[in-house]
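Novice: Single-letter residue listing:
4 protein chains.
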Amino acid sequence: MEPEAPLKDTEEAGITHNCGVFGCISSGEWPTHIDVAQIICLGLVALQHRGQESAGIVTSKGEDTKRFSMHKGMGLVSHVFDDHAMMKLKGNLGIGHTRYSTTAESEALNCQPFVVHTQHGALAVAHNGELVNAESLRKKVLDRGVGLSTMSDSELITQALCLNPPEGEHEGPNWPARIKHVMKLSPLSYSLVLMYRDKIYGVRDPYGNRPLCLGKLVPVKKRNHIIQPKLEDDIEGWVISSESSGFLAIGARYLREVEPGEIVELTKHGVKSIGIVERPEDKLPAFCIFEYVYFARPDSIFEGQVVYSVRMQCGRELAKEAPCDADIVSSVPESGTAAAHGYSRQSGIPFAEVLCKNRYVGRTFIQPSTRLRQLGVAKKFGALLDNVYGKKIVLIDDSIVRGNTIGPIIKLLRDAGAKEVHIRVASPPIKYPCYMGINIPTREELIANRLDPPELAEAVGADSLVYLSIGGLISAVTYSIREKDPKKIGHCVACLSGQYPEKLEW
Amino acid sequence: MEPEAPLKDTEEAGITHNCGVFGCISSGEWPTHIDVAQIICLGLVALQHRGQESAGIVTSKGEDTKRFSMHKGMGLVSHVFDDHAMMKLKGNLGIGHTRYSTTAESEALNCQPFVVHTQHGALAVAHNGELVNAESLRKKVLDRGVGLSTMSDSELITQALCLNPPEGEHEGPNWPARIKHVMKLSPLSYSLVLMYRDKIYGVRDPYGNRPLCLGKLVPVKKRNHIIQPKLEDDIEGWVISSESSGFLAIGARYLREVEPGEIVELTKHGVKSIGIVERPEDKLPAFCIFEYVYFARPDSIFEGQVVYSVRMQCGRELAKEAPCDADIVSSVPESGTAAAHGYSRQSGIPFAEVLCKNRYVGRTFIQPSTRLRQLGVAKKFGALLDNVYGKKIVLIDDSIVRGNTIGPIIKLLRDAGAKEVHIRVASPPIKYPCYMGINIPTREELIANRLDPPELAEAVGADSLVYLSIGGLISAVTYSIREKDPKKIGHCVACLSGQYPEKLEW
Amino acid sequence: MEPEAPLKDTEEAGITHNCGVFGCISSGEWPTHIDVAQIICLGLVALQHRGQESAGIVTSKGEDTKRFSMHKGMGLVSHVFDDHAMMKLKGNLGIGHTRYSTTAESEALNCQPFVVHTQHGALAVAHNGELVNAESLRKKVLDRGVGLSTMSDSELITQALCLNPPEGEHEGPNWPARIKHVMKLSPLSYSLVLMYRDKIYGVRDPYGNRPLCLGKLVPVKKRNHIIQPKLEDDIEGWVISSESSGFLAIGARYLREVEPGEIVELTKHGVKSIGIVERPEDKLPAFCIFEYVYFARPDSIFEGQVVYSVRMQCGRELAKEAPCDADIVSSVPESGTAAAHGYSRQSGIPFAEVLCKNRYVGRTFIQPSTRLRQLGVAKKFGALLDNVYGKKIVLIDDSIVRGNTIGPIIKLLRDAGAKEVHIRVASPPIKYPCYMGINIPTREELIANRLDPPELAEAVGADSLVYLSIGGLISAVTYSIREKDPKKIGHCVACLSGQYPEKLEW
Amino acid sequence: MEPEAPLKDTEEAGITHNCGVFGCISSGEWPTHIDVAQIICLGLVALQHRGQESAGIVTSKGEDTKRFSMHKGMGLVSHVFDDHAMMKLKGNLGIGHTRYSTTAESEALNCQPFVVHTQHGALAVAHNGELVNAESLRKKVLDRGVGLSTMSDSELITQALCLNPPEGEHEGPNWPARIKHVMKLSPLSYSLVLMYRDKIYGVRDPYGNRPLCLGKLVPVKKRNHIIQPKLEDDIEGWVISSESSGFLAIGARYLREVEPGEIVELTKHGVKSIGIVERPEDKLPAFCIFEYVYFARPDSIFEGQVVYSVRMQCGRELAKEAPCDADIVSSVPESGTAAAHGYSRQSGIPFAEVLCKNRYVGRTFIQPSTRLRQLGVAKKFGALLDNVYGKKIVLIDDSIVRGNTIGPIIKLLRDAGAKEVHIRVASPPIKYPCYMGINIPTREELIANRLDPPELAEAVGADSLVYLSIGGLISAVTYSIREKDPKKIGHCVACLSGQYPEKLEW
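Protein chains in written order, with the UniProt record's numbering: chain A, 1 to 506; chain B, 1 to 506; chain C, 1 to 506; chain D, 1 to 506.
No lab work stands behind these hints, which were simulated from the structure alone.
Mixed in with the good hints there might be a few duds.
Note that identical chains are pooled: a pair holds if it fits in a single copy or bridges any two copies.
[Stated by the list, open to error] Simulated crosslink set (DSBU-like; lysine-lysine; CA at most 35 Å straight-line):
#: 1; residue 1: K419; residue 2: K221
#: 2; residue 1: K230; residue 2: K431
#: 3; residue 1: K391; residue 2: K230
#: 4; residue 1: K139; residue 2: K184
#: 5; residue 1: K357; residue 2: K431
#: 6; residue 1: K392; residue 2: K283
#: 7; residue 1: K419; residue 2: K484
#: 8; residue 1: K392; residue 2: K221
#: 9; residue 1: K139; residue 2: K88
#: 10; residue 1: K268; residue 2: K199
#: 11; residue 1: K283; residue 2: K488
#: 12; residue 1: K487; residue 2: K90
All values reported here derive from a predicted model rather than from experimental measurement.
Required output: the full structure, derived from the provided sequences and hints.
Specialist: Shown next as structure tokens:
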């Protein structure tokens, strides 16, 4: 029971993500040898860090049927999918979604996946991302005489997919053609998973802004050994997921990422690429750099790199850019630990834990006494005296957003006898909003827009405070892929630089 | 939202604690300058790891009154004490309790603190511990014509305190005399906090089996600076707590432990020792060694030692006793990390993280598919590939109780390419039940009673598995106090050795 | 606290209704002199018997805006609309809906009113009824490239209203033209309330199958006196409702029914009829006769008749058709009481209560002991001995659907010493399904399809059992309107006769 | 779903009761032929009107055991006893309790039955009533060195029963002697049901202030026929209950009342009277007259009279005392209906329903608009126009406590066109508090202390208003028992007259 754990460790709900998507298809017919719904459920649990507000799964027996099995609800995956719900979810293929919402209203209406009944039968859609320039697509759909129940991009994409194509363009359902049509109208940002009859489609936007990857389900022996199949025929199914973090838990092996602009089709026979929608000639990919810095689970793989190792690399770059004369390197648990280890390795200063975390921190009193207000929010942490008293500490945090939690931590360390406390931040200052699926506080709330590093050091009581540079961060996130085709490498740093992948409509 | 976080990380509810107690008294009269109820609430939050089932606070204005303010409820402290509840809790002194229960029935009835109305007015009682030989005390109370509502030791102690003393023994309430009387009847195990009128009494059993310590509330300035008072008069109040872990969060300074057998009295004027009930001549103290190993928060202080540092020391001892040829030392997060750092320092093998934890693990399916059953419970963890693949790993865990979670973790590491996985356990095998307030699985469930270390290594798929010896553990928990009076040092290792502090009645 | 009151008194969820709709518009601009949301909320409370599953209200300030205020939720009106919700609902016009659902799935998705964003702005829709022949309309909508989220007729109607009209037909929003277009495509059954900008539209299907009526809000003085306005200008607003039952509670005066096929427009200036869509020449109206028998609140008015008085009239007809030699007339409380009074007046046999109802009946045990199973479900009722013992009783019930509750009641009366128990049912046997918004058990569950009256009497242990004839029922429901234009009077008795107003598609 | 049904119909929580008690014992050994827990559960459902706050059942296998099966909880019986709870409740005897509480605090602590572990084993206690002069008994218990957890009389009685008897008085448990001892110390008011080993004791206070009666469980055949046993041996068990209202529902036959001051013992062999504790010579019984007027279920039997018939008799007396020139007699449903029928029979004026009740009334808005405040609380009722318009109505209510609901009802009838509305109240004005288990509003809240009948008529807008006299009420409640021994008849009318059965201590 830890009902009020913060979404983020160092700062109260600093930045939040929007969604995770997952799909699974068995290599067999219904009734199948694997429990697709359970695999999707575990897959969503492994994507839970991408959204904790609602969860949903839709499964199908893959027949020409109007009926899917569906269960959706508000709350964590483990809460939404009780045994009763699981038993209803029959099928040999299915998709799932986990979601963090920006809008408090009409919550239940926005739970995904969406299922729509179309003239060609039922279609299920799960979406991660946010359309940068949604207005023109929205107008196009409304003008065709369609009513939209919500302001959500996900419903908009769904209805856009249903629209009849222009005269003579293509016949029948032809979802790939419809998908390409919508991708051209709206190039950014989405990773989509769709289910229609016996197929799952995976779609990543032309800029590759949100992650999406593929895996194969391999046989499992008694006593937990996973057997690498000898032939393709031994594979038990395929999965598609926002991140690879859940693959080991379900006995899946990582295959590859879906490429920017690519549409893939999963059937019981395997995974097939069915086309790529290109970006404008002069544009590089724009994979969200904060997936590396902050959002993704450390064991996920992007562009062939383990996220944890990239974070260590950020620490190494930071040690190069901003060395520090200190006795120990430490971190704010648990967000900065990988970077702190990197900093320690690079600098040679030993790593030691200085803070322990109270897993049961609770709400803040509405009317705190003066005393408690002055004590601040340090109740989440305790200081490990022997590692703190009389020490010069360099403390690594992964990012600073609002800047309202680092101060109390520094005070706590000083109260515990720290001689010096130097802050090193393993990412650059965040200054600009994101329009591609991430909730960032307002400009005024972003501390980097109000205080420069020396001012911030002063404000939070640090002896010094240095951010990693944008160049250093880019260097870290490409540390093992620099030899790749440079036209295939590119990251969105809009929240740091203000340079967006596409010109904004407004 | 993390509603189903495990009580323990490596093993499903392996060992659980019973309770935490906390008391606070202001140095002023009501209405006082500090918010006693808020301080107690934060104090309980910092003791939440000692019990998550229910919580309660009783406050008083210290007058000669029949009325306390009380609020108790099932659940976490942050859940039980909403703003509405807090506003009712008026007073300049109060006590609190947080509890883990062994019995599912009559739960609400057992929430503490208990308040009893006696011929001398109202008395509030909070208890941590379990009476080893309760039967004779119970019979004594029943024979006096008192009905007991529950089988709980806490109610029993409370009614024993109320009993009229033998003819001519003492007059009036005289709680210290009553407390001593009960302590002699039943020497083990309890830490008690009582409130009567304008006083709080703290009591630790003669063996000092459960912890109890004292602190003083010091002034807090704006901007979070804590000011050491110049004179005793500047002190704002006093606190008494099972552990010192919450002291920094409330602006308190650690004073000292309550001694085994000691009764202390807290008033607005300060803390006073009002007597010690001695153990039998030939007996050493019996402070529960698992408070160091496992229960306590790492930032707490027992016998002058920081728990985290003791745990590191356990790792050092382990490295001496059971060295290992490995590339890296790591731990099962987060339970073995301190010991792993100690092992790393002692052995010179570098520490690296190999597992990341999914904070959102959920329930287990009632009817898992064969596939998932064979995959086991590894869904809680992901492997950090770069630190695992091709590596020889020595993995430190703090304890092994049931032995049902280490196997899947080893498999996960092997699936991720580990070359060797050696297990080192930073405590000795647990083989015997505890009758002093700790819930330990049955003998049959304790894996150490069924498999010796090589068998267990085989069973869980480890390349080797070694426990720390009892001698090594004792050496670690006394690493900085060996020079103290040896008659004052002693630890209960009954669950490891089967040697109990007092002869058991049955 | 009566959390499990049965939906119907005599038979467990025998027949259930679908929905109630309500709308209100102030005669002034926003901010207006009346609280529209509170009036709608009370209006829905008075329609709660028509649906207890979910409730919703949408309000608007009537400007050219995309934003409505909306609140919807699962549960009773009083549960859904707490003070927090009410405070959000601003506006000088609004509509509401209360719903009973047939489908357990996707419940929250189906809460009404629906709000859709169209090319012409936002439209809100509340619907009572069920489209008899929905398939063709559904195909039409899907073929236009619209995806439908649910199988619900209400969503279907909403999207049908949004569809672009055929080339050159009408320009702009023109909702009346769109409504007429949909009414022609699908003539049965619906009562609709729509809101667009500063207007509310009320629509009743051409057969008038579901009720819909109009009222005006009159001034209220202190001390609760309602003042009839002298001039139209004194009127404070207008309401539209499924039934008139709530009018007194909100200070409204009954105006008239919306006619079959009629569209009315409510603005701040008043109510205007804006057209009637005719039925086929040879067709009579088909107002659901069970609204009189069973669904409606007894104080509602249909066709100028008070429902309670019609039910008394059913009792009178029953006394004529099926006289009985008895000492007293009584009823199963509370469903048959009006008819019992009618039977008593007609027959001259005195009325007396013989049963009292336990308002707190609870659930049935999943595993009842043999004894309890044999005792049956009589726990809902107690017998009033003095009125039962030694008496010949004629017991009136309003309807018999499944026939599973009357037996235990007869046994109860016999156990209490009744000499004879004769059952008279104030409606004919129900034998056929309804496709117009009413949930009727399956044919096999309907007892009238399995047993004729003498067999049923035998089965339930009655001395005799007689139903009212269809002719008798029609005579009762037209008792005061026979002089009206016969082309304007007609009732749907499909569930009794199997004759449906329109030929069914399948 | 009717979660907010008022506890009383005509006035918001005007007067509320405290408790109902129930016990059952099988004629066989465990495992027995009847399901004792299910019978107790149904028995409590039939006593639910006596208390809706909490419910509890304790069962036993009747052995010399320390263990009872117990389940208690907050809420309605049907809510507290789910299937899971029922399955735990094993045994061939048991007792139950349903409770309305006056104090919001420590609710769960006060749920009954209480189980206490005594030197002689476990004892279970269920109590209905309130000790008039509790202070002396309380002091006696506290002085013996017992701590009391609550201020509740029920805990006090329980501990008083446990107290060791004075030297040499009686040996061993001897509960009857202990019960008599406590009865002499505190003569008023309680009905108690106790369980110890294989016996249930029933106790009624010497004044018979609260009801208590006995029944026998008779065999039930298939198809629901109850068979009167030929021999005592055929009886399947015995029950004891606050009221007989549930007897038919469980297949029990009414035996007799427990007499004032009587102690009965129920074993598997039958019911035995084991003594009577007498009242003072000069005192009559003091059975609460409001059990007849208001609290009891109409089908219950007290002193050989059916409650419903007594209420009709109240109406007859009222018609004699306060005739009225009217067209129809009616009632506020459902509280005044029996009296209205009596008034109608006596006066010859026909009875007709004028109000229908909305079963789904909800909460009142915290901030009602002026309009709604002026409309008042009439939303609970609708007027049946044909019976009201142009009519002179005499409206019967069973009692008037606060007087805040009759006004809006009269206004509603006038708005619906009533010509005259005369109020007749079937009980005398309530003016004094009750200290014997009934919650009555404060003197200031009791309207009869502020307005005499003509003033009240004016205030509520009635054409006239007359209460029944105390003499008339006494005449009604003795209508069929006047020939009995006059020393055995007596009723407490303290709330009407201010004359209490015993002198009050304060």
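Novice: Next step is simple, just say for each hint if it's right about the structure.
Specialist: For each hint, the structure was consulted:
1. K419 with K221: Close across copies (20 Å), not inside one copy (55 Å); limit 35 Å.
2. K230 with K431: neither (51 Å within a copy, 45 Å between copies)
3. K391 with K230: Classified as between; 25 Å across copies, 56 Å inside a copy.
4. K139 with K184: Cα proximity of K139 and K184: in one copy and across copies (16 Å, 29 Å).
5. K357 with K431: This pair counts as both: shortest intra-copy Cα distance 29 Å, inter-copy 30 Å.
6. K392 with K283: So K392 and K283 fail the 35 Å test inside a copy (46 Å) and across (44 Å) alike.
7. K419 with K484: Cα proximity of K419 and K484: across copies only (30 Å, versus 46 Å in one copy).
8. K392 with K221: between (52 Å within a copy, 24 Å between copies)
9. K139 with K88: between (38 Å within a copy, 28 Å between copies)
10. K268 with K199: So K268 and K199 pass the 35 Å test inside one copy only (8 Å; across, 54 Å).
11. K283 with K488: Within. Shortest intra-copy distance 10 Å satisfies the 35 Å Cα cut-off; inter-copy 71 Å does not.
12. K487 with K90: neither (44 Å within a copy, 53 Å between copies)
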